[in-house]
Amino acid sequence: MEMFDLTLVWAFIIGFGIMMYVLMDGFDLGLGILYPFAPDEDARDVMMNSVAPIWDGNETWLVLGGAGLLGAFPLVYSVFLPALYIGVFLMLAGLIFRGVAFEFRFKSRRNRRWWNRAFCWGSAVAAFAQGAVVGAYIQGFPVEDFAYVGGAFDWLTPFSVLTGLGLMSGYALLGATWLILKSEGHVQDWAYKITPLLLALVLFVFAVISLWTPFVNPLVWERWFGNIQLIWVFPFAALACAFVVFRSVQKRREGVPFLATIGIYVFTYLGLIVSKWPVIVPPDYTLWDAASSPESQLFLLVGMVFVIPIILTYTAWTYWVFRGKVRVGEGYH
Amino acid sequence: MELDPLVLSRLQFAFVVSFHAIFPVFTIGLASYIALLHGLFFKTKNPAWDRLSLFWTKVFAVVFGMGVVSGIVMSFQFGTNWSNFSQASSNFLGPMLSYEVVTAFFLEAAFLGVLLFGRGKVPQGVHLFAAIMVAVGTFISSFWILSANSWLHTPAGVELVDFRFHVTSWSEAIFNPSFPYRFMHMAVASFLTGGFVVAGVSAWFLLRDRDPEANRRALSMCLWLLLFLAPTQAVIGDFHGINTLEHQPTKVAAMEGHWETSGNVPLLLFAIPDQEAQTNHFELGIPNLASIILTHSIDGEVPGVSEAAPEEQPPVLIVFWGFRVMVGIGLLMIAVALTGLVLRRKGRIYDKRLFLKGLTAMIPMPFIAVLAGWIVTESGRSPWLVYGMMTHAEGLTPSLTGPMALFTLIGYVLVYGVVFYAGIYYLTRVVRNGMLPEEERDTTDENFKRPMRPMSAAHTPFDDDVDPVRS
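First to last, the protein sequences are chains A and B. Going by this note's numbering, the residue at position 221 of the first sequence is 221; the numbering climbs one at a time, nothing skipped. Going by this note's numbering, the residue at position 298 of the second sequence is 1298; the numbering climbs one at a time, nothing skipped.
Quick caveat, the hints were computed from the structure, so don't treat them as lab data. Computed from a predicted structure; not experimentally measured. A few of these clues could be false.
One-sided excerpt, in silico: chain B residues whose CB lies under 7 angstroms from chain A [to be verified]:
no., residue
1, 1069
2, 1073
3, 1086
4, 1087
5, 1095
6, 1099
7, 1272
8, 1275
Stretch-level coverage of chain B by chain A, calculated; a stretch enters the list once three of its residues show a Cβ under 8 angstroms from a Cβ in chain A [stated by the list, open to error]:
no., stretch
9, 1163-1172
10, 1408-1417
Glycine residues also receive a C-beta, built at the ideal position from the N, C-alpha and C atoms.
Sequences and hints are given; from them, build the entire structure.
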């Protein structure tokens, strides 16, 4: 028990789960956001087909994260969810609508237009709400006696709206580069065309958020302009990845843009973590304050050690089975 | 009118959980049935079993998909509306709910895909194994959920320190006193639900003379199962009730509409409980029967609702009538199963049209009974969230206001309304299209190549307005 700190183990597991969720559901939400801008219905078919076999596997990470937080860091669960009450509802409603749209769009002809809309709006709302969560996390929450005491819309500030829009554009970029990887012909041409625009948008929002964040939160200011200079490697690595995305799109490479976009995410995410570490419910509570009892963490860890490798294997296998290009008029119907 | 976040949150939770519960209660029973069909086909090689398992797997796919979609909300509700409760009970409930999620994913990851899409692609033995594992998985999933729920009714293995539960014994907490009864009661309820749906749909097919060979087998098998299970459920229910009498006497008193502690308690067939006056109106009952059922003695004393202070009493009207709806449907099920036995002896179960129509009409009944039963047990616990330890009001999210709760309640009703409408509409099409010979099937899916997710195992189109350009 005392040999290793279970709270750190769980912080790693949950952190990894969130990263997996953001990356994996990110590109399929991104495709939903790009849906109305697609050149034609064939392109929409390809977009949806390219994620149809994997999207629900992607969302398992969200549910796992929700339940895992309750088990390992209940304070996070019982502060974030009430504080983001309306946002959580919008996110869930969005995810449900797009989930149903996935199931029925291909089985439907007369009503296809409606399922297209459900897919787009569901994805956009869910992405915005998730981005706003990040913004709210950076801002912090008024908490007294382990319970949230703020109002229903405290989370909705200009800053969180910006992070919401930022994540939407970031997901759209992931979606576009995923589409480069998975498509060909006029669909791929379109994806190549929009990627630099989305990248510029992401970089712009990224810059504004980076400049704004230290002013929103003094801890973050201290962290970045204090004495730990090593952490500056993360934003520079993220910028380097952005440059790679730009160059590889110019050279019409197929896999690199997507991988480099993932790089942008990973380094931004790490940058966010070092900004806040070890505070998990800002401004006051650390990981250890938020943790459940060690017995509970251990009891749950036993199952996770067993299941996470299986889920990862299965995920990898699914991606392998459905590798390759998705062509117009082909695929799952 | 003042909007009470407590009432609205309870309504919202009840709505979401009821909506969600109807799917798993069916899939748990159906998963076992599909595994049985696979086993029969494996053993006898009779293609009728294969046709049945093909059809019911399609239905399973759609219902399972809807269960997953509606279940996403559940794992967040505890936090959004019941954050104090989540925080206080996380040491126990966190691992329980996480294990449920983990089981469900493990099941989906490893075996559901093989069951849904492995037909003809994996060896028959492997397919059978996958079917069995899916059935087992649904039970493991419900094991965790029912353990967590039972713990709310009969908390054990924990101590409450500073408004936070600490687990002192995992085995006592997981196998808390009401858990074995609740688990058995729900397991049999799932089988009854699956049994009545399969019997009803088979009867519907037989009325239309669709694949009579297979559907006769299905109907006959179901009726034997129901003949055994419907009375068994009554016995298990009785044991469950006696367990409840021991641990939650007020709930049983509310179920019986019994206000003052006394002996010689009648079984009320009809009454209108009046909480304010602490009495019933228009009582009609069978003398001494409640005493006999609950205490197994003719004049046994049964504690009354008034043993609890008025503010600690459950809403008697709801509990009383919920219980009568559940038991009434239970008795109806026994009657239907017995009718089946009588008709079978006359050799007429397959062609007595009235009976077949009756079976079709029975399809919604087990769902109503299950929901009524849950309303009884959950309302009967109120005002306690964790019985005797934490009330609903204490568990509520402190920052939640009435308008917020109203907004999401309306929102979930709308979202689920759309999902439910689309799902039931589609499911009806799958059934109407079911068990037809290949050439008569209304299908436009010749070119599907990438089936992966649950519902894509059902190949029926959503609407029939085929676009000439695109098809």
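Structure-based check of all given hints:
The criterion of a C-beta within 7 angstroms of any C-beta in chain A is met by residue 1069 of chain B, whose closest approach is roughly 5 angstroms, and the hint holds. Residue-level restraint check for residue 1073 of chain B holds (minimum Cβ-Cβ distance to chain A is 5 angstroms; threshold 7 angstroms). The closest approach between the C-beta of residue 1086 of chain B and any C-beta of chain A is roughly 5 angstroms, which is under the 7 angstroms cut-off, so the hint is satisfied. The criterion of a C-beta within 7 angstroms of any C-beta in chain A is met by residue 1087 of chain B, whose closest approach is roughly 4 angstroms, and the hint holds.
Given hint, residue 1095 of chain B at the interface with chain A, holds; its Cβ is 4 angstroms from that chain's nearest Cβ, closer than 7 angstroms. Given the 7 angstroms rule on beta carbons, the hint for residue 1099 of chain B holds: about 6 angstroms separates it from the nearest Cβ of chain A. A distance limit of 7 angstroms between C-beta atoms decides the matter here; for residue 1272 of chain B the minimum to chain A is near 37 angstroms, and the interface restraint is violated. Given the 7 angstroms rule on beta carbons, the hint for residue 1275 of chain B is violated: about 31 angstroms separates it from the nearest Cβ of chain A.
With a threshold of 8 angstroms between beta carbons, the proposed coverage of the stretch 1163-1172 of chain B by chain A holds, since 3 of its residues qualify and at least three are required. Only residues whose beta carbon comes within less than 8 angstroms of a beta carbon in chain A count, and the stretch 1408-1417 of chain B has 4; three or more means the coverage holds.
Of the hints listed earlier, those the structure fails to meet are numbers 7 and 8, in rising order.
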